[in-house]
Amino acid sequence: MFDIAVLADYKQEFIDGFLVTLSASVLALGLSLAIGTFIAVLRLSGVRPLEILGTAYVEFFRNTPIVIQVFMFAIGLPTLGIRFSEFTSGVLGLSIYTGAFIAEALRAGIQSVPKGQMEAARSSGMSYVQAMRYVILPQAFKLVIPPLGNQFVNLVKNSSVLAIIAGGDLLYTADSVSSDTFEVAVVYGFVALLYLVITLPISIGVNWLERRLSKNR
Amino acid sequence: MDFQHTFAPETLRTLMEGLLVTLEVAASAIVLSFILGIILGILRYTKLPVLSQLAVLYIEVMRNLPLLLIIFFGYFGLRDMGIDLPVTMAAIAGLTVFTSALIAEIVRSGLNSVEKGQIEAARSQGFTYVQTLWYIILPQALKRMIPPLVSQFITLVKDTSLAVVISLEEMMHNAQIVYNKYVNATIPLLLLVAFIYFTINYSLSRVSRYLEKRLAG
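Chains A and B supply the protein sequences, listed in that same order.
Just so it is clear: in the first sequence, position 6 is 888 by our numbering, and no numbers are missing.
Just so it is clear: in the second sequence, position 156 is 175 by our numbering, and no numbers are missing.
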């Protein structure tokens, strides 16, 4: 019990797990930003069927557990002969789930840009897509940085579902090292610290940004 | 795809039994984390020496860790240290420890959103600090906290599915038992379980929107 030497013995495992968690989170952030932006634009397109489609996506995925979405890729699709690695299944599940939340954050951001901006851009001869791309989205992104930061923290935390499908992430490493060594408290405590090393700075940064943004109002 | 075993009366009964456990665990954790969250949120808001700092430490650590890690540790970790919690208790405890930190933040920003003039007015009427908090600040803050609180409760309902890792016999776990037997029923079963979660959580979010409108008027 409480033998810290375990941490040195399994150094490589911890480094690998940390890198898997980090790369799954970063990859899923990129993918879910793309999904989220696409869905947000659908919802604001003004075309009824597209809006309904976007709303259905957001409501469905944010009201169902991430475990189901990851399992769909990890054990559902293989029954149809479509196979992904555990890592890919995890990243895809995480992205689809987080995309719904990012779509909501972006929509709120886009809607907080004054309507006059769109009208001005359109009357200067920009198409709807151009106005979105060059006028609305750049302004909206500034407002959505804090909620996006929160989503990244959530991604890092949620990437631990990889452990359920043996994805080799940090929590999976904790589980396997602790069952090898029985040093449960030491291993989980250390892994908790490693998670905090990623999530705490982002959380603190987000809090700081939120305070600054609310002061500037 | 095997729809026959997905919608077999026996499967549906198993899922409903699981759903009862899901709701039982979720409801217990909602009540407990609401109570603990209010206490922690008020502690952080009041800036009492030592106690406030302890609340901040608890909140920042817990909300930046993966829930799955907390559940793992609360069950396997404590068991290895000689504290053998029943699975249901471990699940409720894990969910409560994690969610109360997030609720504490909702409570704090709700309390902060009440104008400082209200405190001064109440104090100058002869209210003590505690009376001011209880009769003036908290009721106004609670009204503003409803939307974020409900979305936190929705998250909690979804998060109960993470307790599959400690074999809590909730809905996801029971679905797993069925599709482990009938592999081709995996996709339809995952979709069915997703749909049940969706129905519960979407209804909750509608109730929240209704309450928000009623209280705003």
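The set of hints was computed from the structure by calculation and includes no laboratory data.
Beta carbons: idealized from backbone N, C-alpha and C, even for Gly.
One or more hints might be untrue.
[Claimed, not checked] Each computed DSBU-like pair below joins lysine-lysine, with the alpha-carbon atoms no more than 30 Å apart:
#	chain 1	residue 1	chain 2	residue 2
1	A	1024	B	200
2	B	66	B	162
3	B	135	A	1024
4	A	997	B	232
5	B	232	B	162
6	A	1024	B	232
[As the list claims (entries may be wrong)] Ranges of calculated distance between the beta carbons of each label pair, as one might list FRET restraints:
#	chain 1	residue 1	chain 2	residue 2	range
7	B	66	A	1087	19 to 29 Å
8	A	1064	B	140	54 to 64 Å
9	B	223	A	929	23 to 33 Å
10	A	998	B	150	23 to 33 Å
11	A	916	B	225	24 to 34 Å
12	B	75	A	1008	27 to 37 Å
13	A	1024	B	26	26 to 36 Å
14	A	1086	B	67	20 to 30 Å
15	B	136	A	912	41 to 51 Å
16	B	203	A	1093	47 to 57 Å
17	B	203	A	929	34 to 44 Å
18	A	1004	B	196	49 to 59 Å
[As the list claims (entries may be wrong)] A short list of chain B residues far from chain A (calculated; beta carbon distances all over 12 Å):
#	residue
19	57
20	82
21	124
22	134
23	153
24	161
25	163
26	209
27	220
28	221
> Are there hints from earlier that the structure breaks, and if so, what are their numbers?
Replying inline: 1, 10, 12, 13, 20, 21, 26, 27 and 28
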